[in-house]
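Using the hints, position chain B against chain A.
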Amino acid sequence: MTKQVRQLDRVVIRFAGDSGDGMQLTGDRFTSETAQLGNDISTLPNFPAEIRAPAGTLPGVSSFQVHFADYDILTPGDAPNVLVAMNPAALKANLGDLPRGAAIIVNTDEFTKRNLAKVGYSVSPLEDGSLDGYSVHPVGLTSMTVGALADHDVSKKDAERAKNMFALGLLSWMYSRPYESTITFLERKFAARPELVGANIAAFKAGWNFGETTEDFAVRYEVKPAKMAPGTYRNITGNAALALGIIASAVRSKLPVFLGAYPITPASDILHELSKHKRFGVTTMQAEDEIAAIGAALGAAYGGALGITTTSGPGVALKGETISLAVALELPLVIVDVQRAGPSTGMPTKTEQADLNMALFGRHGEAPVAVIAPKSPSDCFHAIIEASRIALTHRTPVILLSDNYVANGSEPWLLPDVESLPDLTVEFASAPNGEDGTTFLPYLRDPETLARPWAIPGTAGLEHRIGGLEKADKTGDISYDPANHDFMVRTRAARIEAIQVPDVEVEDPDGEARVLVLGWGSTYGPIGAACRALRQRGHSVAQAHLRHLAPLPGNLGEVLKSYDRVVIPEMNLGQLAHVVRARYLVDAIPYNKVRGLPFTAAELESMLEDVVKNG
Amino acid sequence: MAGRDAPAAPVAVKLTMKDFKSDQEVRWCPGCGDYAILAAVQSFMPELGIPRERIVFVSGIGCSSRFPYYMNTYGLHSIHGRAPAIATGLSVSRPDLSVWVVTGDGDALSIGGNHLIHALRRNVNLKILLFNNRIYGLTKGQYSPTSELGKITKSTPVGSADSPFNPLSLALGAEATFVARTIDSDRKHLQSVLRAAAEHEGSAFVEIYQNCNIFNDGAFDELKDAGTRDDYLIRLEHGQPITFGKDGQFCVVHPPGGFGLEVRETASVSPDHIVVHDAGVAEPAYAFALSRLPGEDLRNTPIGVFRQVSRPSYDNLVHSQVEAAKAKATGTPEEQLAGLLTSGDTWTII
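Protein chains in written order, with our numbering: chain A, 1 to 615; chain B, 1 to 350.
In isolation and in its complexed conformation, chain A is listed as follows (with noise of 0.2 Å):
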């Protein structure tokens, strides 16, 4: 049977199913897979912060969504296309996200009376009518599974547990996916266990095959290549790429990294991944404690280490007395805040940019630091090159603001020549500095960055004492004294503002608009393709992005004062645009969502054409 192949520029899928009926990993291979064929991707995981929440509940819905095109797109998607429901907890916890008309596979082996009572549905709405406006496919995934799988020399339970390579291969035919790439994975994930290879691409295959032969699916969707620069390419997350930029400024730098960490959702990953690359020098400590993490990262820096920690909000409430002191003796230190929802323990595995305030004045004192934001999961990579780069040449702490959203999201990442990373070579203090030649002064600065001398332990002559105790300029030496104290605050406030940061950029493609839309962070992606999509209903509307939350691009009071009215939106109650506010004066708008997930670029889009119409 020739089945019609229709051309789609863009589609959005959502897998969701019970947390173990393994969503993630089902949806990272459509990725990759989609990835091989040169589609432009966006992903969005979405899970529950429990392992395993009760079987079949709401609670325990985990779903992984993907937006892939010819084009180049900026977001995951705000409504899926298709929805894959491995239950009735995933169909009744995804429906409200879907438009009419979308696609619902569905795993009629779990719409039990039982299953379908947990969520509280007394009718199956396979059965009720409820579905009417959308396209439904009722698959018995598990059974067909496990007929499939008949043959092979495995329990019934891994069986079952193959649907969602089923599954995956049914999509994969049905979007004409390449997927060789799932094949080698499968072999590879299960080597130890070669009957389970054997049953998994076999699962596959028939997902594949029941797409191809059953009436229920008469169109088959091919989404060709977008136009992409030139280059190798590989799919990131943005944890994956915070990990490697942090091994690019291990090599870049010619310095031992030293990652100090305490295991904290969403900020986890990185620990892992950089645990397997010593061979860079890297050395990662799980500590007993964040401050502990902190602390120990700050005694290798003390050492000559480029020294960082990885962390959620929580940690960084934690650390703070230690980035205090890492001010005060004006070490390079970098901290990652891998943002979730908060307070407290909040939602860990949903997305928020709260944490904003707490960068930028949470410690006490006068302690300013520098603070950077990646805007995508790629754009992680150099970013955090950029913050060792501050760290190193300034001596300062850094935090760096990803998110949850950022952090484990995916997108295609042009892969750059490792010639082109910028140099982090930093010298040490070899020798004395005073004007007598003999004496050393480890806080006599740099007259252009105000950074101190790194004089590291192991360097004759200059043995010295430096303590979170005030200091004399110069000398380091315990100072109480009030002239000294106002000029060091001062000072250490100037050093944040003499980092050189680039100009912020303006998208106004018809240098028409009037209204300018600020935003940091991973905002980026929805802002933008809001941006576009008024632009092609023909409005006027400019983009400019914040890398630099401390110190602020030396434009910006300019830039923002050129437009008649500036929108800020942020995931929290409106941090960015105090800051704005305060510094400029400049009377902002205030856009503030936080429901824990990033915006819908429609939203974005509805809520700026009101301001382009109305101001």
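For the record, the hints were derived by calculation from the structure and aren't laboratory data.
Please note that the accuracy of each hint is not assured.
Straight-line C-alpha distance at most 30 Å; calculated DSSO-like pairs for lysine-lysine [stated by the list, open to error]:
1) B/Lys328 / A/Lys189
2) B/Lys326 / A/Lys189
3) A/Lys227 / A/Lys3
This one's a predicted model, so the numbers in the text were calculated from it and none came from an experiment.
Structure of chain B alone, referenced to chain A:
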């Protein structure tokens, strides 16, 4: 960076006590026990044969934590309780250094208790000197985690309701490989303990009884006064039977059926039953039993090295993992990085 991977080894440098005195004015209260400890450490340091630039003193907060300012070595006066954590990062990344932590009973056992026990269980190559004066001095006289139950202080006007820690019992419970106690006023003994600590690979935990003459004066007088000290102190000597008292009239025995050690009159026991001190006993219960001997009145206080056993240091284990990975790698770091970036599923667009 040459030599940064080489472990701290004695080299032929001739230094004197004077070389270890910094130019900073010492600002402890007149009569403080810290002066005696500082002088003992400064005059001991030349013995190490390690050049000053390879020695680092790291401290937290408290009177004792001002110590690094007075040593003409590298020094880091950090924040309250965190010195062991900070020193861990330094020691692990710089095996060529000799890293010393100076802390107090509040710093190490209260706010920094977590870091202390984890440094000890990891066996980080740190020499940890805990100055125990059983009081908070710098904050002017509150009770500390080693103050006796019922202690009357500014914050406990009717007596503290907290039971104290026994620092040595705590360190032993935390798997410390080297545990010792000494006294500020006994320079010879203090230096003999420092010597043993310096030679130990891994964490060396040294409790130093130190007098705070302002807020807790005389806390250890019975151990110092010529009239009482011999009857109160048990001077542990490796390989020697544990007897003490002016005339050796007391001894330590392991009573049959009991869990621990007890003090007896020497005349009342057969010499075979007197415990012969062995710091190398693998089972920590022995050193723990020694640590439980003192009574609230300080009678039967052992000083010296309680425990000294060999276990690989955290530093060495971590370092050897990194070195093993480096040894297997081929190509320049840039080539390796390029290889890493292109590993996994990639695709090329022409």
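- Message: Hinted pair, alpha-carbon criterion (30 Å max): B/Lys326, A/Lys189. Please report holds or violated.
- Response: Answer holds: B/Lys326 to A/Lys189 is near 26 Å, not above 30 Å.
Query - 30 Å Cα cutoff - pair B/Lys328, A/Lys189 - result: 24 Å, holds
Q. Is the Cα-Cα distance between A/Lys227 and A/Lys3 30 Å or less?
A. With a Cα-Cα distance of about 27 Å, the restraint between A/Lys227 and A/Lys3 holds, given a limit of 30 Å.
Every hint, counting from the list given before, is met by this structure.
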